[in-house]
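Asker: Chain by chain, the residues:
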Amino acid sequence: MWLNSYNSELFKLRKRPAVWVVFGVWLALMLVFTYVFPYLGYRAAPGSATGRALLTNVLPQQLAGQAITGYPVWGGALIVVLGALALGSEYGWGTMRTMLSNRPSRMTVYTTQMAALFTSLAALVVIAFLCSALASELISVSTKGAFAGVALGSVAKSIGAGWLILCMWCTFGSALGIALRGTALSVGLGLIWVLVVENVLRAVASIIAPIGTIEKGLPGVNAGSLVAGLGGATAKTSGDGVAAIVGGSQALAVLVLFLVVFGVSGGSLLIRRDVH
Amino acid sequence: MRMNHSCTIKFMSLNDTRVKSEDLVVRTEGLTKRYGSVAAVDDLNLCVRRGEVYGFLGPNGAGKTTTLRMLVGLVRPTRGRADVQGSPAGSPESLARIGVMVETPAFYPFLSGRDNLDVLARQAGVARKRIAEVLEIVGMAGRGGDRFAAYSLGMKQRLGVAAALLKNPELLILDEPTNGLDPIGMADMRTLIRSFGNDGKTVLLSSHQLGEVQQLCDRVGVIFKGSMKTEGTVAELRGSVSLVVRATPTNRAEACLVELLGRQKVTLREDEIHIEVEPHEGAAISRKLIGAGIDLYEMRRDERSLEDVFLSMSAAANDGEERVA
Chain A
1 MWLNSYNSEL FKLRKRPAVW VVFGVWLALM LVFTYVFPYL GYRAAPGSAT
51 GRALLTNVLP QQLAGQAITG YPVWGGALIV VLGALALGSE YGWGTMRTML
101 SNRPSRMTVY TTQMAALFTS LAALVVIAFL CSALASELIS VSTKGAFAGV
151 ALGSVAKSIG AGWLILCMWC TFGSALGIAL RGTALSVGLG LIWVLVVENV
201 LRAVASIIAP IGTIEKGLPG VNAGSLVAGL GGATAKTSGD GVAAIVGGSQ
251 ALAVLVLFLV VFGVSGGSLL IRRDVH
Chain B
277 MRMNHSCTIK FMSLNDTRVK SEDLVVRTEG LTKRYGSVAA VDDLNLCVRR
327 GEVYGFLGPN GAGKTTTLRM LVGLVRPTRG RADVQGSPAG SPESLARIGV
377 MVETPAFYPF LSGRDNLDVL ARQAGVARKR IAEVLEIVGM AGRGGDRFAA
427 YSLGMKQRLG VAAALLKNPE LLILDEPTNG LDPIGMADMR TLIRSFGNDG
477 KTVLLSSHQL GEVQQLCDRV GVIFKGSMKT EGTVAELRGS VSLVVRATPT
527 NRAEACLVEL LGRQKVTLRE DEIHIEVEPH EGAAISRKLI GAGIDLYEMR
577 RDERSLEDVF LSMSAAANDG EERVA
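In the order they appear, the protein sequences are chains A and B. Each residue of the first sequence is one higher than the last, beginning at 1 in the working numbering. Each residue of the second sequence is one higher than the last, beginning at 277 in the working numbering.
Watch out, some of these pointers could steer you wrong.
What the hints assert, rightly or not - Derived DSSO-like pairs: lysine-lysine, alpha-carbon spacing no greater than 27 angstroms straight-line:
#1 B:432 / B:477
#2 B:541 / B:564
#3 B:477 / A:15
#4 A:15 / B:541
#5 B:541 / B:501
#6 B:477 / B:505
In short, the hints are calculated from the structure, not lab data. On a predicted model such as this, the values are computed, not experimentally measured, just so you know.
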């Protein structure tokens, strides 16, 4: 029964245009922000220290970290939208009612929906990584005249970390979609959290000490720290939220904790609440 | 856990009947759903027997849909319990054997009708070939490939019934199934429901269309303000049949009928005489009147429709409430 339901959820996601739009936009932004802009920046001033630093970041040696620098903030924001759409629209369209009165238990419906989303995110992370690798090698060939190798261990870590970050943000969006029983408010609040609240807290953390403590527990900050731990950025702060504010192990633990908390919260709401 | 009591069916007539618990596909015991201080459903005892088409009647806000939602596990009761197909309402075991359409059919607008059924078929582990079969049954075979968002209300309703039929269920729970259908669609839907009932399967039908319920249902339950007011066969709810006689001179006709049937069976209302007799006695009565030199120009059956019964119950319920207030 679980596999049937999982199969059904995958079929639904595969057929849903919004999923392809989010994934398409996500890949395009990832390539533009992570590879095209730095490369163009290097081309504008190839001899400068900034230009050289930009080039270093996009070469294959930095692939493991660079490929996932977009995940903590804007990548996360798009995936929050995906999670909120996936679960929130089930309430908006009334299809949650149809699914829950069909056959499987509520637990099965919820876990298979999340599993299907995580599966599609895994595919997205792998495809994004391949695109990043291709872009990086093309830059390497165009600037150094040769391909460069990438350590497989770092590839696996990068893909794993990227997947964890996206799953965490997706679960956050899904929990909002379930809690608010719709898409509009859950998408809006999710984006405000990822793009506004976390950034504001980061900005004031250096001024107000207690906020600094809170900052270390934020999901976006921990996602950024995890990426930074893989070499995603060298600066303490950056516009894409990649900064080593906490250690890699703590970041990993906090992200897993958030994934579980968001997952259990969303699941318990779906399972316990009446559906109208 | 199964309920271990025997469910007593309450009839309007005097002959109460006990039904074996295994013959009941739906039974509720003290089912109650409260929203704050408001009881949407209050201590409801409902029994639906295997193989019958059961009509669930009530005005808007009476608690019909809330009851149906509880029967399919969408809403949890505040108190009491419900068993459907021998399993707790809303459990996978129960849902596996029932087809449901509660309220407006809800499907994914970006998918075609066929793909929507495919989602449900995959989820429930139903063979794909069944999709084509149910689309054919509801007359949607030619439009199954169209996107659900482009469907008319009637087509959405048909797809909802197709989805309910997908698992080839033993019990169909349908909430206002003819909503939005054109007259031909309504007739088709009634035929479908009746044939389902004739196949030995069970239908629990909620409807505002009293004529439809009268036509389709073997038994009817009437709910007002969350409570079951009465339950019985359509004939039992409608009560006895009488004849209306119009004849001149009216006073002589009345006297003749009183002499023939007794005072208590004859009532004069304006120029109509209402007599409580079985319809087959009409021929003998008309011969008697004509033999007495009375001009008989109309004799017809006087039956209360289910609508009359429903309206009088509704009025009585409202009167009772006003008196309490």
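Asker: Decide, hint by hint, whether the structure agrees.
Answerer: Cross-check of the supplied hints:
1. B:432 / B:477: Since the Cα atoms of residue 432 of chain B and residue 477 of chain B sit roughly 24 angstroms apart, the hinted pair holds (cutoff 27 angstroms).
2. B:541 / B:564: holds, 16 angstroms
3. B:477 / A:15: The given pair, whose Cα atoms are some 35 angstroms apart, is violated under the 27 angstroms limit.
4. A:15 / B:541: Measuring from Cα to Cα gives roughly 69 angstroms; hence the hint is violated.
5. B:541 / B:501: violated, 35 angstroms
6. B:477 / B:505: holds, 26 angstroms
The structure shown violates the earlier hints numbered 3, 4 and 5.
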